[in-house]
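Going line by line, the protein sequences match chains R and L.
Note that the numbering used here has the first sequence beginning at 40, numbered continuously upward.
Note that the numbering used here has the second sequence beginning at 1386, numbered continuously upward.
It is worth saying that the hints were derived from the structure and are not from the lab.
Don't take every hint at face value.
Just some of the chain L residues that point at chain R, by a computed CB distance under 7 Å [stated by the list, open to error]:
hint, residue
1, 1470
2, 1817
3, 1877
4, 1946
Distance condition first, Cα-Cα at most 25 Å in a straight line; then the derived PhoX-like pairs of lysine-lysine [claimed, not checked]:
hint, chain 1, residue 1, chain 2, residue 2
5, L, 1858, L, 1806
6, R, 148, L, 1542
7, R, 479, L, 1858
8, R, 479, L, 1901
9, L, 1542, L, 1520
10, L, 1520, L, 1427
Computed spacing ranges between beta-carbons, pair by pair [said to hold, decoys possible]:
hint, chain 1, residue 1, chain 2, residue 2, range
11, L, 1966, R, 269, 50 to 58 Å
12, L, 1641, R, 510, 41 to 49 Å
13, L, 1571, R, 313, 51 to 59 Å
Cβ coordinates follow ideal geometry from the N, Cα and C atoms, glycine included.
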Amino acid sequence: MRYPSGGELLVECLVRQGVSHVFSIIGGQMGTIYDAIGRSGDIDVVTPRSETAAALMACGYTAASGRPCVSMATVGAGVVYEVAGLSKAWFDYLPVISIAPQVQSYRVKPHQESLQACEQDELFYPITKWNSIVFHWARIPQMVDRAFREALTGVPGPVHLDIPVDVLFKRSPLTAAREQRLMVEPGRSRYEGSIMGEADAAGRVFRALSAARRPLAVIGQGFGRPGRFPAAAASLEEMGVPVVTTVHSAGVMPDGSACYAGDLESCEGLEVVGQTDLVLLVGIDHGSRGFIERIGAAVPVVQVETDPTAFLSGRDVRVAVYADPENALAGMKEATVKADVSSWREEFVAAARDAADSAAAEHQVVGTIVDMLREAGTGRNVIVADGEVPALAARRVLTRVEHKAVFIMDEREIRGAGLPFAIGAHLSEPGDNVILVCDKNSLFYHVRELQPAVCGGMDITVICVDDVDAETNVADTGSVLSGLGCDVRRCAGGRRGDLASCLAGVPSAVILQ
Amino acid sequence: MRGDSITGCELISRCLEAEGIRYVFTAHTERLHPLLDALEQKGDIRVVAARSETAATVMADGYVRRSRRVAAVLTDDNGAALSQVSGVTNAWADKIPLLSLSLSADSEPDFSKGYDRYRFDQGEVFQPVTQYRSKLESLSEAQSVFAEAVARSTSNKMGPCHVDIPARLLGETIDGRSAPDPGGFEERRIESVRMCGDGDAVERAAALIAGAERPLLFLGGGVHASGAHAEAAGLARGLGIPVATSMAGVGAFPLDDPLCLGGPSYTSGEVFHAAIKEADTVVAVGVSFGGLEGFGLPPLWSDAIRFIHIDVAPLQMGLNVHPEVAVLGDARTVLTQLAETLAGRGFTGRPEWGRWSARLAELKSGRARRLERNAMRRWPSMHQGRAAMELGRLVDRDDLLIVIDGGNTPLYATMYAPTIKPGQAFFPFGMAALGGGIPYAIGVQLASPDRRVLLVTGDGSFMYNVQELETIKRLGLPIMIAVNNDSAWNMIKAMQDSLFARNFVGTCLPDVDYSKIASGFGLHAERVSRPEEIAPAYERAVASGGPALIDAVTDSTNIPDSLLSFFLVEFEGAFAGISPTKLARSLWMMRDVGIHRMMYMSTYIRKALLKVFIPSGWGRSS
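For reference, chain R alone in the conformation it holds in the complex (with noise of 0.2 Å):
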């Protein structure tokens, strides 16, 4: 028989649920928990310098490796710095699983003014999907499970669970018997299998789909970041429909697609878009709920979701798929093919290249990323976009350059996620060349966290745009940046050898100025 703490118990849920890294600060009230990481060795502590950063750092590893990982910030005092970073997670779908101590169960709800308490569960239920605090030991592993389901079930987000100290401190004997009832075997705690949808809504989607002769397919979060739904993207290929992503999907389909037209905020106004006569629309979300807004209310939409309650209300839609994207997209296939939508496609995807183009060539720079990294293009280049003109660059990359993936950051949601971000990215797949295009004031957000980087000798590039006024930022970005360890190359033309030279190795950054 054993007596694991609830830390430890905590700890093995955790490895059960697959978790390999954690990203946080400690504080005392998490004693138990990384006593039982340290010994388990099946869990990597990554340590940001501030847990804003712990956060967004979880959501560039869930991002780009689609499997969950876990941020933990200290009762109080760490956790306010947390829930901006998790903001990104809600506002991104992505299930990073949050995890914070609280002061003794009999001292919250209210708190009576223990040190660093507040209500913090209070201060995560608008921006989680799902929040609680654990008041028992034996319901651990129960939460966790929860935690996982609630995290990754229907439309994705963050969840968020506080445990009190005297629960994590607890030791209990746990019995083989009293384990294997707590203890549920991983992948029954949730349904993991196929949604397969209405059986008749294949009829439904095929004949609006073959009476469509400019359909458009918008793809939203649902279709899901990698790895998630891979025979999606091949389905939509075969169907040779045109091809437009948000910010929440850039990236999922393959960089040499003929069907691919790029990020939906190109395509924003053109003539094209207004000639389309059905949307096919795949996991909506804030930014492809808007481009279907200003498309009009008689264009019809096939609306394909994992969660029902994701279905568009006040609006025409034509046909409503509860599936998941693998099984809806593949028997929609031969509607489309049968309705040749050939021409269509290439005059679509040609104008909203040509946009790109065109808002990119308003700023030089753009030509001068985009040629860098086409030069340093590999199958292995992870693309991450902080601030307007990278945006810009990373909206043209999807459709021009070769990369395994393409992360723009949202400026309404958090700023300056760029950094922490790609550093999450980095460490979910470290094979991979992570180069994060940013400019100077996104760069400056999250500028310490170069310092864990450069001493864990983490190989991630920074591509910085240095275009602000002395003024408004009087510091020297390359100072800055080789004060923090970085091997600084300056680029006043965008001499473009520079940035294939500097992706090996620790930390690097080229300054555009």
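Position chain L against the provided structure of chain R, taking the given hints into account.
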């Protein structure tokens, strides 16, 4: 009529001006520009741009703490608004009146938490950590909403307020006559309501004091807020009552006064513990009895103490501590009343008080000698207390303002540099959150251009807002920074050392040269590793005229020996999971339980023996 109409930006600026706001801290975004422009056009509002919203909030808090005037932080929506949460929560815990403003979505929140994640309830995040929160529904209510927010943040138990401003309102127009007239408003000072105490209650308090055998004056943050330093000192010195402070009250009474026992347990160890075990009457002034103060309850405090609680907020009365006499009123006014009442009785103290305070003073000097001996011993690298001693002498000479940030660093600073004068040090401790140091220093420096600010920070806390070194440089602020660089999250590392068999996970920081990082930002920066290098480095930092940093490499193997009380309170109820031998070792190493150490040990050994029947559970953690 149309000529009279003004934009939402202009209206909001005028409202803030009318509420006496003179400083608005922000981080620029394109959407904020029209509002920031309108604010800057008000000649008497200064807009200060930080490099992040997190830092902007803390700067505003620092400005308020030093100036005792209300300031605002203004940011964009979503993540930018949520970045204020850390700073707002610190202000809430320390009861700092701060006006937190952010843009917000125009649409109603989607309470079903559906896929449209931008329609979350942004303001709700601020609910648990503000005095008041509101959303501006239309321009016509702007004046009343801002007035309400400022009034609520400065009244009674003070604290931050949050107002969401839907972005569409910035572009809307309104008849200018519905706005306050521009100009001519005084900056809003935070005035204590000079509420006097009930005469009967004061009489009963005086009687209780006069009958006390071992009285203790316990001063909290309320003494700072009320400016009651002279009255508190007058009472203590006039009657010869020993004085201790809460963490928020550090500096409310001169630390080098013979009657002063120091801050609470972490910083004054066994002296404080002896006082709160032996006292029979405690006069608590402006104290909230929270965890840092051991709740005013056993096991740290004697349960025979009779409390006199003086506070301005009735909700603070009876929270954790149940006072014999509660006097509702402003600290300065009630202390004056109390002194007059005692003088009216011809009471000047009791002879046995002298013996009690002499005994405590002896404990205090014994502890000071022990600490100094410990710091002066040969350590593998510079002892943290030694570095604090060196720095303390220089700070005292130059009369600097001090901002303190960190885990162990503040403890060393208060233990080893005991000359801090009232109002001289800023130690935002309510949430014990790390990392606010640099922006706090900026806020404090902006509020006092005639004094120089020194930030004393740990290496962990230093990095949180390191990007604001740019702001220091851009604003030309002569802030000096001393980094206590022990390459560890050392308070927690100590716990892993004693309780988790030296299983050091996540507590070791690499050996980073912070002077290089500061140089990168254009600061004068030096790295020192021996005590005798500190003074010359400090002189060069002063001579540089501009911002400067000293990275002091210190020893990571020593820890303050007064953390046990923290452990007893914060981990109460959690001991059952800790091996009794390890607990006993920790108890033995820690000095702050002093003479009561044996008692605590026997309690836990007894409990451990009762659990002996559990066969193998304890072995797991070793």
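Status of the hints after comparison with the structure:
1. 1470: 5 Å, holds
2. 1817: 5 Å, holds
3. 1877: 5 Å, holds
4. 1946: 16 Å, violated
5. 1858/L x 1806/L: 28 Å, violated
6. 148/R x 1542/L: It holds: about 21 Å lies between the C-alpha atoms, which stays within 25 Å.
7. 479/R x 1858/L: 16 Å, holds
8. 479/R x 1901/L: 20 Å, holds
9. 1542/L x 1520/L: 22 Å, holds
10. 1520/L x 1427/L: Given that 25 Å is the threshold and the Cα spacing comes to 24 Å, the pair holds.
11. 1966/L x 269/R: 50 to 58 Å: Holds, at about 54 Å.
12. 1641/L x 510/R: 41 to 49 Å: Hint holds: Cβ distance 45 Å, inside 41 to 49 Å.
13. 1571/L x 313/R: 51 to 59 Å: 57 Å, holds
Violated hints, listed in ascending order, are 4 and 5; each of the other numbered hints is respected by the structure.
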